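Guided by the hints, dock chain B onto chain A, whose structure is given.
Listed in order, the protein sequences are those of chains A and B. Heads up: the first sequence begins at 63 in the working numbering, then just goes up one per residue. Heads up: the second sequence begins at 63 in the working numbering, then just goes up one per residue.
Don't read these hints as lab results, they were simulated from the structure. Be aware that a few hints might be false.
Put simply, identical chains are the same to the list, so a pair is met inside one copy or across any two.
Stated by the list, open to error - Below, computed lysine-lysine pairings styled on DSS-like, alpha-carbon distance capped at 25 Å:
| id | residue 1 | residue 2 |
| --- | --- | --- |
| 1 | K216 | K480 |
| 2 | K215 | K481 |
| 3 | K84 | K481 |
| 4 | K420 | K84 |
| 5 | K420 | K480 |
| 6 | K173 | K281 |
| 7 | K480 | K215 |
Everything numeric in this text was worked out from a predicted model, so none of it was measured.
Given next are the chains, with one letter for each unit.
There are 2 protein chains.
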Amino acid sequence: MDLRCLFEPKSVAVIGASHDPKKLGHVIFKNFIEGGFKGDVYPINPNIDKILNRKCYPSVLDVPGSIDHAVIAVPAPAVAKVLTECGEKGVKGAVVITSGFAEVGNIKGEKELVEIAKKYDIALIGPNCLGLIDTKAKVDSVFLPMYKLQRPKKGDIAFIAQSGAVGSCVIDLAAEMGVGISKFVSYGNASVVNECDLLEYLRDDPNTRVIAAYFEMVKDGKRFLRIAKDVAQNKPVIAIKAGKTAGGMKAAASHTAAMAGSADVYSAVFRQTRIIEVESLTDLFDYSKIFLQPAPKGRRVGIITNGGGVGVLTTDWAERHGLQLANFSDETKKKAREKFPPHVNIGNPLDLAGDADKERYEYALELLMDDDNVDSIITIILFQTVSLDASVNDVIIAASQKRKKPIIAISIGGEYTKKNKVILESAGVPTYTSPYVATGALSKLTWYARCTKEGVCIPFI
Amino acid sequence: MDLRCLFEPKSVAVIGASHDPKKLGHVIFKNFIEGGFKGDVYPINPNIDKILNRKCYPSVLDVPGSIDHAVIAVPAPAVAKVLTECGEKGVKGAVVITSGFAEVGNIKGEKELVEIAKKYDIALIGPNCLGLIDTKAKVDSVFLPMYKLQRPKKGDIAFIAQSGAVGSCVIDLAAEMGVGISKFVSYGNASVVNECDLLEYLRDDPNTRVIAAYFEMVKDGKRFLRIAKDVAQNKPVIAIKAGKTAGGMKAAASHTAAMAGSADVYSAVFRQTRIIEVESLTDLFDYSKIFLQPAPKGRRVGIITNGGGVGVLTTDWAERHGLQLANFSDETKKKAREKFPPHVNIGNPLDLAGDADKERYEYALELLMDDDNVDSIITIILFQTVSLDASVNDVIIAASQKRKKPIIAISIGGEYTKKNKVILESAGVPTYTSPYVATGALSKLTWYARCTKEGVCIPFI
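Bound-form chain A, shown alone (with noise of 0.2 Å):
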């Protein structure tokens, strides 16, 4: 199947467009024209003439140019017509957003549109789904409004969802912390193109470098076997499983159908594929977003911080995590301790001490992006000081930039710390509100890049 229709379209067609704001239909329209979407875009609607000063079609039928991507949303029991209507157009993508098929129970309608889909050679994503958005394209038929979840710029991470409630938590988080992805898609029932074809899509994307990826359910076990262990010895793939209790599973197939099957089968089977399993929405967020940083060549983490108490907390879940407090060469530390006042711990944690300035944590990552022993570094900032403030970011940024080694930052509290997070992660910097979290991504980067590199795994943990 191809998918490039769905995510490189020359032209749109908006079927169900509407003037009523509060419709799904307006909203999608509205995104098209106002996301600096390229292409042609057309709004279908029988009963209108114009919305935002376009003319509006009955059917894709009347439109006169060629339609590369049909956007569906139209009561339920019209899919099936506009769907056919699109076959006979010659649209090749179409999102069904409309719900109303086998999460309630209506089979016979979803086979209805697998059988129109399969006829007309259409790669059919959904029913029951959010959309898709691709940062490059400009494609986003995202249903919901922008002031209300907010975009994220182009990146390279991708997203795929089979919910769309958690796909739109999700890119509303990378959103409000400046992270960037390539492509977003909700693809709900699944029912024509599913998590196999978007992998194996999204491997060879030269947009993508990192998948992260939300499922209910794996439909075919096998292909997906296959094509997983094959995607993601080229890519990370960051995966969450969700319906893995009694009642997640229960509530799963109310909600897309899905069989979400036993836990221990898909751990194993995501041990097996390399694919990294994380438990929670937030961190699918932020161990994805990790997997951009250089490849480290081990295990040793230097720690770099103007907070004690937060470097004991780092330091205790690094060794839980399995990684290894580095130690430093002599030449640092002879270079440190000549540089540095004498209440600066020269230890790992480097605690540079509450009045450490910006040229302090200059000199530390300078030392430790020097070390031998370092192969990664953990940088915490606490921005409540009165030593410090913004010009820190560039310090560690600039130090980032070389992209020798890993550097992820830790940085916790309010308004004033958030604001400089945001322009560490905006720069590429991972940026971690916990050290448990943090230590736990990079212990997970630190797994792969040994999977990958020397072929087999290790795990630390």
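Just chain B, lined up with the frame of chain A:
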């Protein structure tokens, strides 16, 4: 030891007050002036006449009136002298911000301070600490400027932290989310006043309903065991212990001179005393706030959602954290079926669907509040949807304020979502980003409620 002079002083001296905005003594003095402290505040500095238009005294001995509480922020070698003067003046409470004592090996210097404090019966906090806050008395000796470290509003949670950095992070988070605190104490090297004294004081503090604590070490294990048991039976104590690994212990030793001790011993002590142990700083914050909810009668939880996927993840984690998904009563199911449109899924989770409005949430909450099969309620709100706006908060807050059952919220997203979360949180609805953390906290609340009510602990997990 009487700690009242620390938290409810009528007069305060800031020793080491300064003109220089980068000096701690300046920030602290300014915080007292701008923070609304009602009593007298005297700046002390032999080299200056006036600071911020207030007469400055060479020594506390020169101040005409009496002084209850002294904040000491002079260089380490000068601390003993000014502390002795405090003793001679009759000051009964002192917070020594200055570092450079036992934590850097200056055992002799610290011993000297302890002897002076004992001689003059001074309740001494520190040295090497961040200061303290009492939101009722408006005492604020925290040396971080308010624009960098927001101050939380008045509330019911007291927070004590051996590490200043950790302390500042947690109160900053609290302020940002609108969670109130009663007191904050950073107690540093714990040379005189230690965690036991503070716990005892907070047990009897009428303004404190929940105690959150960050420990690096406990000096007198036997006394701690006795006091903690007593306190935790009266008020919930949520604690995190840092320095659990070999590396972490080493880091703690060079930070607050703490001998961190075995992780297992601490965990056993926490279990015995019914202290609720958490593993991360964000959990310390997230778990503490749920303890202001009414005690649940059992572990049967009802989940309301407008996003299926987040409902599934929450169900998974509720079950994995030892909670049970409630079986709604026949009456609840009947009423829900009559009221809600057919695509609303009348299960648990009660999936109100992506087009749910305020009215659906209101009715759903009413049903679960009245259903005797439901002990606690998790409300998932995805604010991104077209049919919801900030007014849905009103119905959740109204239900919560009946204080009949614990009600918590889960909401994940960017800026728009965040604003709404702060509204909920400020009105006393504990609001979470992560289903994992939300259900973990609810599970601990349920466990603690059983502990205290039935006198026996039956951990669900």
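Hints, verified against the model:
1. In this assembly of identical chains, K216 and K480 lie within 25 Å of each other by CA distance both inside one copy and across copies; the values are 21 Å within and 23 Å between.
2. In this homomeric assembly, K215 and K481 come within 25 Å of each other (Cα to Cα) both inside a single copy, at 17 Å, and across copies, at 21 Å.
3. Taking CA atoms no more than 25 Å apart as the test, K84 paired with K481 passes between copies only; the shortest distance there is 21 Å, against 33 Å inside one copy.
4. In the homo-oligomer, the alpha carbons of K420 and K84 lie at most 25 Å apart only across protomers (15 Å), although the nearest pairing inside one protomer, at 49 Å, exceeds that limit.
5. With identical chains, the CA atoms of K420 and K480 are at most 25 Å apart within one copy only, with a shortest distance of 18 Å there and 31 Å across copies.
6. In this assembly of identical chains, the alpha carbons of K173 and K281 lie at most 25 Å apart only when taken from the same copy (15 Å versus 69 Å across copies).
7. Proximity of K480 and K215 under a CA criterion of 25 Å is satisfied in both settings, with 18 Å inside one chain copy and 19 Å between copies.
When each numbered hint is compared with the structure, no violation occurs for any of them.
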